[in-house]
Every structure is written in structure tokens, then in C-alpha cells.
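Participant: The primary structure of each chain is shown beneath.
Number of protein chains: 4
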Amino acid sequence: MAGSSFGTIFKITTWGESHGKALGVVVDGCPAGLELCEADIQAYLDRRKPGTSAITTQRKEDDLVEILSGVFEGRTTGTPISMIVRNTSQISADYGDIATYYRPGHADYTFDQKYGFRDYRGGGRSSGRETIGRVAAGAIACKLLSELGITVRAYTKAIGPIEIDPTAYDDALRLSTPTAMPDAAANEKALAYLAKARENMDSVGGVMECVVDGVPAGLGDPVFEKLDANLAKAIMSIGAVKAVEIGDGVAVSKKKGSENNDAFISNKESCDMTHNPSDDSYNGKACCSFISKATNHAGGILGGISDGSQIVIRAHVKPTPSIYQPQHTVNQQGEEIEIQIKGRHDPIVVPRAVVVMECMTALTVVDALMMNATAKMENLKRIY
Amino acid sequence: MAGSSFGTIFKITTWGESHGKALGVVVDGCPAGLELCEADIQAYLDRRKPGTSAITTQRKEDDLVEILSGVFEGRTTGTPISMIVRNTSQISADYGDIATYYRPGHADYTFDQKYGFRDYRGGGRSSGRETIGRVAAGAIACKLLSELGITVRAYTKAIGPIEIDPTAYDDALRLSTPTAMPDAAANEKALAYLAKARENMDSVGGVMECVVDGVPAGLGDPVFEKLDANLAKAIMSIGAVKAVEIGDGVAVSKKKGSENNDAFISNKESCDMTHNPSDDSYNGKACCSFISKATNHAGGILGGISDGSQIVIRAHVKPTPSIYQPQHTVNQQGEEIEIQIKGRHDPIVVPRAVVVMECMTALTVVDALMMNATAKMENLKRIY
Amino acid sequence: MAGSSFGTIFKITTWGESHGKALGVVVDGCPAGLELCEADIQAYLDRRKPGTSAITTQRKEDDLVEILSGVFEGRTTGTPISMIVRNTSQISADYGDIATYYRPGHADYTFDQKYGFRDYRGGGRSSGRETIGRVAAGAIACKLLSELGITVRAYTKAIGPIEIDPTAYDDALRLSTPTAMPDAAANEKALAYLAKARENMDSVGGVMECVVDGVPAGLGDPVFEKLDANLAKAIMSIGAVKAVEIGDGVAVSKKKGSENNDAFISNKESCDMTHNPSDDSYNGKACCSFISKATNHAGGILGGISDGSQIVIRAHVKPTPSIYQPQHTVNQQGEEIEIQIKGRHDPIVVPRAVVVMECMTALTVVDALMMNATAKMENLKRIY
Amino acid sequence: MAGSSFGTIFKITTWGESHGKALGVVVDGCPAGLELCEADIQAYLDRRKPGTSAITTQRKEDDLVEILSGVFEGRTTGTPISMIVRNTSQISADYGDIATYYRPGHADYTFDQKYGFRDYRGGGRSSGRETIGRVAAGAIACKLLSELGITVRAYTKAIGPIEIDPTAYDDALRLSTPTAMPDAAANEKALAYLAKARENMDSVGGVMECVVDGVPAGLGDPVFEKLDANLAKAIMSIGAVKAVEIGDGVAVSKKKGSENNDAFISNKESCDMTHNPSDDSYNGKACCSFISKATNHAGGILGGISDGSQIVIRAHVKPTPSIYQPQHTVNQQGEEIEIQIKGRHDPIVVPRAVVVMECMTALTVVDALMMNATAKMENLKRIY
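Residue numbers (my numbering), protein chains in the order written: chain A, 37 to 420; chain B, 37 to 420; chain C, 37 to 420; chain D, 37 to 420.
It is worth saying that the hints were derived from the structure and are not from the lab.
Keep in mind that a hint or two might mislead.
Note that the list lumps identical chains together, so a pair holds whenever it fits in one copy or between two copies.
Pairs of lysine to aspartate or glutamate, EDC-like flavour, derived with a Cα cap of 16 Å [as the list claims (entries may be wrong)]:
1) K57 to E102
2) K57 to E97
3) K378 to D238
4) K304 to D249
5) K292 to E102
6) K290 to E374
7) K417 to E183
8) K57 to D98
9) K57 to D76
10) K304 to E102
11) K57 to E74
12) K291 to D238
13) K292 to E235
14) K232 to D207
15) K304 to E109
16) K57 to E235
17) K304 to E199
18) K291 to E414
19) K225 to E199
20) K232 to E97
21) K292 to E74
22) K378 to D133
Let the hints inform the model, and build the full structure from the sequences given.
Facilitator: Here it is in C-alpha cells:
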């Protein structure tokens, strides 16, 4: 099936293999008139690029993006934006032997079962390099959202048992620590923990969190296209993610309704509003625009629709399956064998996946925003 | 947007409001030649029907389904199957006052923000009755899967802090206990816990689990249409679900790679196979069909594609937001008020939602099965 | 496959068979706040209803529509609108024998080949009654368009060799003549021609035309989702249509560029405009809004995008395949036989199909309108 | 909207502008295991490449394709196939002046209205070069179909008033004459006609025809996804096409049912069949597989589903809108002006569009084939 597209109006299609000639993405449905240049994209790609610290794979790739279409005189034209990143550091020799057996925790076996054979070099399409297209597209989504006052931020919340202290949150660190933890102390502890795991030829898991601020109430649909449902799909589609939470997430199953409900509160007083008694509007807006919530257990989504509060999503990521310890597995002849994986692998997926989560979240929100544009006759009349 | 459809080839479209004339679903893309009658559907609807025990709403609805099209002489014809359930016990008077204010934890406010107004009666489209269409369609998906040797089973894993003992699992209980717990002792404890919560005019959350057996390896796609991504969307789209886990789920974030990887093992010896040396096949199948895993931390999915093991999904469900305690909220005029909710509400969502989870899972698996049918030239040649 | 849905944002799903219990449609994605009642729908259904004149089948069906969801207090709520029409005059006995052989020009054979068997009663899903759902949904699309100043009108342009005189066009006749011809003289001649064909136990073909006025420039997309491409699909999907033309249509293949190009002209002078020199706008609109064309060979679409002129579409419809003359065919055993068709059939498809063409056109335009709403950043900023 | 994708299972996404860096396409959903190399694609691109004869634009482009992903060791892997063609002969200076005014018959005005501005160089996305992606993808579709015994052939049927003589049809000429006419005499006459038009600084229209042989009965769906509906969309989406016919097309509107119905005939006798009386099958096939039609007015499609006969489609193409005669138009300031178009333009679109029609037809048929694969339970059981 055609499984490499995401989104309905703002739709992206990614392509490319780890050791092929290039990877890329086509973004179709981006509105015309958005200022865009390659540097906007490169900034995001640089956050997922390998070889930047001791805790990422030593494969060196500059991952330079080229925009091939859809941008004219510095602005998007409304036509498809095609972007390409050439592979430059393929060392396929490292992967020759994985052609013949199935690495535990990887997709080698399932690809063979599905397609009859596979491009085994570096994992082919199932490699983490597949996310290059997601990030290039997501950079555009982030830029579009920022034009509308919406910001998306993801960071590492935990690495193994080491968690960040939310009260120590420092947004600048999010983009500068090797762990992508926005907490200097936690970052240090996590680096030590990772060094230990690496010594043991092992890998570790972790938790990513993403928050979205500035989303207007009303995005998402009531039934299957709930905003949280689409976020869950978007985030679960990132390789190695095994659980997704919205707001209080798993904790809600042990709570009472009286603890979990978020009381609505009025912001009428705190707003600088002029009341128009003729239509009961405040500064031309319906009154309910001035409503918020005392708490946010719901993570910004009620009944599948954004409620105007901060949207909060968490993803639980499994340890990198490529470990250097000897492992037991089966080869294509069905014989049990012992293997030892070579190649260049991250001891943890999380720090480089954080920007992928940010991008998938942005892509989901942009599409919901565009879907919602025609939810009311009133909106149509504002345009036509 | 058009948000009431689910699936790509096996596609369903649900409709209907809690206090409207009826609810229903159109199932489009069901293969021709499946034996089907109303009793097949009714068995599933009866599992979600209200009024069957002390822990469900006292609204009495028989929820009798009528098949209006797509079935001829006891078999599906390949054309759309339209099913309808008439509402018979609407008592809208109970809901008159919720027209004017926003119930905490409900979608009243977000609907008003999205659409400008809402059918407030019984929650309208955001009511749990919306799932009638999902269950009617899911019953067909389950029947289709069973023809191919695939079974889907969901049950209650926890209610508040009360968890089932997996070693005491009794599948018959799953369909007969009021809690849908497959463990008699846990069911008793949970009923006591629920009685206590009800006394306190409160509600409780819980955990549902769904397992799928018999899924062949190869379903799901590598990137955005990963089987686990689509399951996450399907399950997160059920009202009140706030987290979804696949396999070991949230636990993976604290694990090491050496603990989390599932070793492949060979079933060659244990199979009753005749080896054909000319093409190295066993009973006409490729050798790799006889591979399985020593453990199943992955929950049956590797790289987004089924691996032939049992598929395991868990959902964390928030407490029913409708509680009888006084609550603080805001009305449509933006004024803060105290409210006390009336009407007929379940103290817990989980027991009736279990069959919805089962159905959404079955719908996702059927669609993946049909998508996968054309993944290889070999399959096309088998058909044409 | 799921082939009973049409549209991307304004999406409809039809269901039902000729001799089943009922037929219907679910309209998903209709914006909230549109005034709507059953009478709005019934007016369109009455135009395709059988038994209203000597030139339609004598099957009597009132085709009364019931709205089951999605409308509250006289307005659409934004949730799916489910509509149902019960079958009341099925006389399946007439069709018993067609179970065993293949009627020429019908879909009996192709259904058997596709699905393995078929609901043969009255043609099942391939009956013209399938269009009930299209018309019910199209009535909503027409109402929505009229709110935005867009009108859609279809009529019979020719019946066999009898063509209307465009200079005699009388819009009132379009809805009142039995032929749906907007020209009294042509209507008379066509009725005589039809009477003759009926005497000969034969049927005749014809041409339908549909014009859309008030469509703003900018609808449709440049490549595959061209407005004319989607119109062609919409109209060719009506049973019995064998050709679709846009604007001058087939005539263009014999023309020169100098004859076929439509010169642009300026309406600046004729408009009551106030020029704002600061941004070179006229009454707040860009100047190019005041451009039109001297001729309209293009039929209102350039490069797949509406140009602000009248949209013109024509459909060529084959003669009803059900004729009462003896015919040669093959039965399910593969034996050649002579047959004589019974039942109640229209001698011409066109007069009742005209409203179907109008509805399919409206559905296509509405969806294009909603798709186009987010084509520019400027539009998004107008909404958010 | 995202309008640059075509197909549901076999889905393509094209991108690129006339004078941008490159054009290309991503083919997603191609089954694994199809042998494929760049030469397979190049053969089709060479048929639409400019500069090959006196009747095409003198822009010289080699249009060399590079496959960037989805092929491994000479076979498709089931993952997206990304293909790119670099632009090498852009002479944008020729187009500088069209930035400021609207060429008659072109999409300049409608793009400005839709997007607010446009990449005017060479027509940008609305250029005929957009079809490079369609042809590259269509070449794969053609190869896949040929593996299943299905062949697709398009050719020029008429140029202005010059028509081919069907009895003189010579398939070899189809690929070798500059007009793509499969009739040597007609080709000569058409070349003379074109030379005359060119002398008059004018352009001419024409007719393309495409036939598909070997399609099994059963492809296409009964309602909106009729095979002819999807073909109509596919072909009407080719720039400059203004009418699409299936089978007898426009001629049916003047015919009687008794003339237009195709009688079914049995091929039982002519087949080398062994009858199995136990299940009434012949060589293991249902009897109805041996049914064909005495005539083919229907063009191979009944009720939207292929009937096993040759599929016949015709497209009417307008004269190239770029003519060298002076023309009247309006500039972006809304002022009426006289213009004279420069640049390099074909005097007729048809000869180079023929391969585009062939490719769009193949893409439609492949997708229908894949959609139909799961129409029957029987097929699913053959795969799983």
C-alpha cells in the first residue's frame, strides 16, 4: 500500500533508504505566500543529524537539504515543495552480513515477510534516516504555525530512570544539551548513565515530551479524526515509540472523576474587553473565547477537539535494538545462530528523535488547522 | 472536515447523536461472499448496551440493529452495508440545562468553539452512543477475521487500583462479568471499589487490554501507516482514552536493549513439514514462516509490521467526567457558576468500552490485511 | 474497495439497492450553521422520482426522505447528516429470471465477475435508484452554494436528434417539462420522438448540460485535482453517461488557437469602484478580480482552475439498455439464449438524470470551494 | 489542497516547475518484486521529450531520469520509488514579460487568483513539463500491467480535420511518426496541415485515442469509483483536454437502445476446455469467464466495471494556447493591452500528449486492479 504519505490537506510524502542515493519529501498543500528558504529547513535537520556528540552514531552526514520546487522569490507558491538530502557516508560493507539473518528488535524479518526480500543496507527504509523527510516537512509546518502564533517544543523528559525536574525547565538547554534535556543536572546524570550502558555494550530507552502553545480551541474532529487520535498515530509512527500519552495519560486510569476533571474558569475580568451589548460580544469575539481551565489534566484536548490550553503529549521510546552484545537469532534458512552486530549505532534513540516528535506534532496540528477552516458556514463567508 | 470515516479499503462511516432519531454506520469495502446476519451484529451491540448491570447507566435501550443494504441471501454482496439502531429512550429533559453551560471534562465547550453551537441533548455526537456504529461495523470485521483464523479479544485489565491476575485469566468471564474482567476475584474487588466511588458521587478510571491472535507476519506499512500507529489512532479515537501502549509500552523507556530485544527462534523442528529442496520451501511456504520469537516485548509488531506473534495493546481510560458532585464551571455568558449534573451516567467507562476497543482493533487489522494483499507482485499473480 | 464515497472535505457515502429495504446517504463535512430541513431535500428528490409522466417507469415511489442526524433546531451541526428513503414498491417477481442470465448493456455480468454473485433484483446496486443518495446529498450542496451566491442548473439539451434552441431557453420550463427541456417546442418534438421509440419497443439517448454561475475564480487545483477533472469523474460516474465535455468540448479538436483562445477584458470601467492608490485595490479587492473574458470557449476553467466565468459541462447519455425487443445473450451456464426483458423501465434516462447531474456538479464545486479555502496564508489569517 | 497525488493504492505524487531546478515524482504502493531500471522509464520519457521534430518546441531537454529510491538489485522493494529529471535548458528571459499580464487560454490569471502570485517562468507548475512525473510513473504502471498480460496503447486519432483510417492502423507507426499517428498517409497530411497553421502563426487541436487489451472483467467499482469515471478524471486532468469519451462516446446520444446494446456471446465452443460437471467449471474457471460481446459500443466497461473487452477512451485536445499572433488581454493592473507571445511552443499538443494519455490510463488501470484484489472473500483466502 501507499504508506509513505501523512496528512489530508497539508500532505507529505517521504521516500528514501539509509544507503540509497538520497532521501527526501514532497510537501503538497502548503498554502501560498509563506516565506521559506533552505536555512529554515536546515536548522531542524541539524537537530537530528548524526555525529554531533558522543551519544550519537559516528556516521558523519551533513544532511544538507536542497529545495527543488514550490518556492519562488522566497515564498511558497502553493505547489508541491520537493526537498532532497543526498546520502554521502554510506558504508554498506558493514551491513553485508545482515542480509542473511534477522536482527532482534529490527524490521528485517517483517520486511522479508511482507515484501519477499529487502534492501538490507543500513536497514533500508526502516532506518532512522527515514525521518529526514519528516523533519524537513515538519520544519515548514513549524514555520507556518509560528506565523499564526503557535509554538511546538519537544524535549527529552527521561533517559532510563533519570527524569528532568519540571521546575528546573530551561528552554535554551532543550536545543543545546546532547541529551536534549532542558535541565542541566539531569543532562549530566543521563550522560553518565549512557556512558555506563555503552561500556556494557547495551542501549537504553527514554521518554520524550512535546508541548504546543497557542492552539486555538476548535481543532480536531469529534469521532475518528480526533486531534489526540491523530497525534497518537503521528507519534506512534516514529520508529521505537511504544506508548503515547495525552495530558495525564496513563495516570488517569487510577484517578477519580473529581480529581481528573478540569474546572472551567472565566477570563472575562482579566481581559481588556469592551462589551457590545447588542450581540453580547467582547471585542467582537464570542464570550466563550475568554474561557480557560483551572488545571490541564486533559492535556489541551476535550472530546478530540483542542480546548485552547497547552497541548501535552508524551512518547515512550524503546532502547536502540542494535546492541554490541552477542545475540541469539535465526537466519533466512531458519537456522538458529549467534550474532554480533557491527555498524555505527546510537546507544539511545531519544535525543535525536525529539525533533522528529516536534515535527510530527506540528504536521498534525497544521493539518487539523486547515481541516477546521471550513467547519462553519461563517468561516466560508469570511473567505468567499 | 469529514471526520466520521475510518479505514481505507474496509471503510466505515458512522453517524448519529445520543438523542437524535437513530445512530448507524455504513460499511463500504467489505468483500463479497461473507456470511452475515443481524444476529452476528447484535451479539456485539449487546456487549455495549446500557442498563445491563448496576455499574452502567440506567438508560434502557435495546439497541436493536437493522441491516438495510449490502447483504443478499445471507451473504455480503460487496456493496455498502448500511446498519441502523433507532433511539427509543431519549429523555432530553434531563439535559435541558446543559445547553447553557460547559460540563468539565466534556466536549460541550470545544463543540461550541468549533461549530458555533451544538446539539446539547445527551452530549449529541460526543456521547458514548456514538460508538454504536463502531461496534456494528467492528462485528463484521471480527467475523471476517475469524474466517481467516484471526481472533480479537479485549477485556478489562484494571479498574482504579484493582488489576487482574494474568495467571487467573479465564476467557469465559471476559464476556460474563459486569466489569468485563476475566478474573473472578478481581471482578469482585472492582465491584466493591465501584460501589464505594458511587457512594461518594464519584467515578473511576481503568485499563483495557486487547490481544489479537493468528495475525500473519507482514501486515502494516513501514512509515506512516505502521500497524501500531493505526492501532494507536483507532484506540485513542475512543472517547476517554488518554494513553495507548503496544507490547511492553511505557515500561520500555526504563529498559535496556539487552532486556527488551526479543530473540528470534526457529520452529522448523516442531513443524510437520515436508522440505522441498528444489526451492528450499517447506510445505510450499518460505522457510521464514517458521520463525517465531522467544519473548514478545514488542507486542507482535516490529518496524510497524506484524511479526506473527500475538498483538498486544493497552488503553488507559479516564474516569467518567459526569459525576454527581457539585462542580465549578462557566456558562455561555462567561460567568462562573456551580453545577450539579443530572441524567443517567456510568460510574466507569471501561466495561462497556471493552467491546469498542475490540471492534476498533478488528477494523484496523482488517484494513491492514486488505492493504497488504497487494504488497507483492506474487500476490497479484495469485489473483489475476 | 470502498467505492461509494465522493468528495474529500464535503464527503458523501451512499448505500442501498433497488429492491432492498431502503437507500440513503451520509453527508460528512457539511459546515455547521446551514439552515436545512427535509423539504429542501424533497424538492430535489421529486425531480428524479419515477412515475411522474408517460416517459418514466411506472414504478410508483414517493421517495420520501427522512433526516436522521446532523441537523438540530433547523441548522446543520457540522456532524454527519444521515438521510434515508425507504423502498415501498418493490416487485421483485418481475426480476426473478434475470438472476440466471446477463442483460445486454447492463452490469449483471460485470457484477458476477467482480463479486462472484449479485443481488439481481431490479439491478441491485447498479440500478438508477442508487442516485437517490446522490440527489439527497446534492440538494444540501446546492443549498450551501446558493448561500454563497452560486447557482447550478442542469437541463436536457438533446433527445436523440432533437436539440433545444439556446435562444429559446426558458429556465422555468427546465423544471416543468416532462423532458426537462427548457424549450417548449423542442419538448413537444422530443415527446413525439419518444412515443415513436416506445412503439418500436426501443429506447433513445440524449444530452444533458449543466451550467454554474457565480463561482469565484480560483477553485480547483493545477494537476490531478483540476476542477474539470473532478467534474468529469463526477458526471461520468452517473450510470449511462459515455462522454463528458467542458466548454466547447469535442469541438476544440477541430479549432485553431486563434479561434479557441478567450481574450481577457477589463471590467474596471463598468464597476462601481473606489480606487485605493495606497495598495492599488478597488473596493478592497485586488484589481484582477475585475477581469473577465470576451468569450467562454473554455467553459469557465483554465488550467484546471475556475476563471470566474460560467462553468459549462455536457454529458452524453446512452439509450436505456432495458428494451422490450427480443435480444440475444448468454446465461450463467454460458449458453446463448434469446430473452425479452420485463419490468418497468424508462424509454430514456436523461430527463430524470438531469437533477443527478446538477447534484454531482454541486457536490464537486462545494468540495473544491472547501479545498480552496486554505490555498493562501492570507485566508488562514482571515480565519485564525 | 494537496492536489498533486493520483491513485489510492498505487499512488503517485508529482512535483516541479517548468523553469525550476528539477521535476519528479514519487511512486508509493508499487508492489515489491517488479524488475525495474532507468531504461524502462527513459523509453517513455523520450516519447514526450521536446525538440525531436519540427512540430515540437525547440527547447532542448534530454529529460534524463534518475531513480533515487525504492529499487534494489534491479527490483522494486515495495517502498516509495522517487524519480527526478533535472531541468537543463531553462531560458527564463523569454518569459519575463508574462509576469505582468495574463496570456489568453493559459492559467496565469487563475493561478494569480488562487494563490495571490505565481512562478510565471515558462508557466511554472501549469507547464506541460508537469507531465514528466506522470510519464515516469506511468512507465512503471505499464511495466507492471505487461507482467499481467495487459497492454496500453495510445495514438493520435485526428489533427484538426485530418483523421486516421482505422483500417490502415499500423502499430509500429504509432511510436515513430512525428504526429504519433499510426497511419502513414494521415501522418503526411497532418504534417502539411500543421506547417500551414505554423505559417499563419496559429496552432491546432486534435484527438487522442487509447486502447487497453487484456484487462480482466471485474475492475472498477459500481458507484463513484467506476472505472470509466476514474479514466475520465485521469484523462481530463491532462492539460488542454476538453472532452473525454468511452467507447462510442458522444455518438450514443443519437442512438437507439437496439443499436447500442452489445449482445453477449459464448466462447465455450471455441475454447479448449475440459468441463468438470461436479462444480460446473471449465478448466477450473467459472463458465462466465468464457463470455464475450458481439460488439463493443460500451468500450469495455459496463456499469463502471470492466467487461473483459478492449477498453477504448478518446480525448479531445484544444489547440496550443501559445500562438504568435497578436492577442488582446489584460495586465495585472487591470488594463487592456495587446501582446505577442515569445518563447518556444509546440503548434499542437497532441503528439507529445499521447504518451501522457497512455500513462494516465495505465495508472488508473493499475490502481483499479489493486483495489479489486480484495473484492471477494475468495481472493483474500487465496492470499492468506
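Participant: Which holds for K57 with E97 at a C-alpha limit of 16 Å: within a copy, between copies, both or neither?
Facilitator: Only inside one copy: K57 and E97 sit 13 Å apart there, 23 Å across copies, limit 16 Å.
Participant: How would you label the pair K57, E74 (within, between, both, or neither) given a Cα cut-off of 16 Å?
Facilitator: Close across copies (14 Å), not inside one copy (20 Å); limit 16 Å.
Participant: Under a CA distance limit of 16 Å, which applies to K292 and E102: within one copy, between copies, both, or neither?
Facilitator: Classified as neither: same-chain Cα gap 52 Å, cross-chain 38 Å, threshold 16 Å.
Participant: Please sort K304 with D249 into within, between, both or neither, judging by C-alpha distance up to 16 Å.
Facilitator: For K304 and D249, the Cα distance exceeds 16 Å both inside one copy (20 Å) and across copies (45 Å).
Participant: Quick one: K291 to E414, C-alpha cut-off 16 Å, is that within a copy, between copies, both, or neither?
Facilitator: neither (40 Å within a copy, 44 Å between copies)
Participant: Is it within, between, both, or neither for K232 and D207, if the alpha carbons may be no more than 16 Å apart?
Facilitator: Classified as neither: same-chain Cα gap 27 Å, cross-chain 44 Å, threshold 16 Å.
Participant: For K378 and D238, with the copy left unspecified, which applies at a CA distance of at most 16 Å: within, between, both, or neither?
Facilitator: within (13 Å within a copy, 56 Å between copies)
Participant: Taking 16 Å as the upper bound on the Cα-Cα distance, should K304 and E109 be classified as within, between, both, or neither?
Facilitator: neither (44 Å within a copy, 29 Å between copies)
Participant: With identical chains treated as interchangeable, where does the CA-CA distance between K232 and E97 reach 16 Å or less: within a copy, between copies, both, or neither?
Facilitator: neither (26 Å within a copy, 58 Å between copies)
Participant: Have a look at K304 and E199 and pick one of within, between, both or neither, based on CA distance no larger than 16 Å.
Facilitator: neither (38 Å within a copy, 44 Å between copies)
Participant: Quick one: K290 to E374, C-alpha cut-off 16 Å, is that within a copy, between copies, both, or neither?
Facilitator: neither (43 Å within a copy, 26 Å between copies)
Participant: At 16 Å max between alpha carbons, let me know whether K225 reaches E199 within a copy, between copies, both or neither.
Facilitator: within (9 Å within a copy, 34 Å between copies)
The structure is inconsistent with the numbered hints 4, 5, 6, 9, 10, 14, 15, 16, 17, 18, 20 and 21, although it conforms to all the rest.
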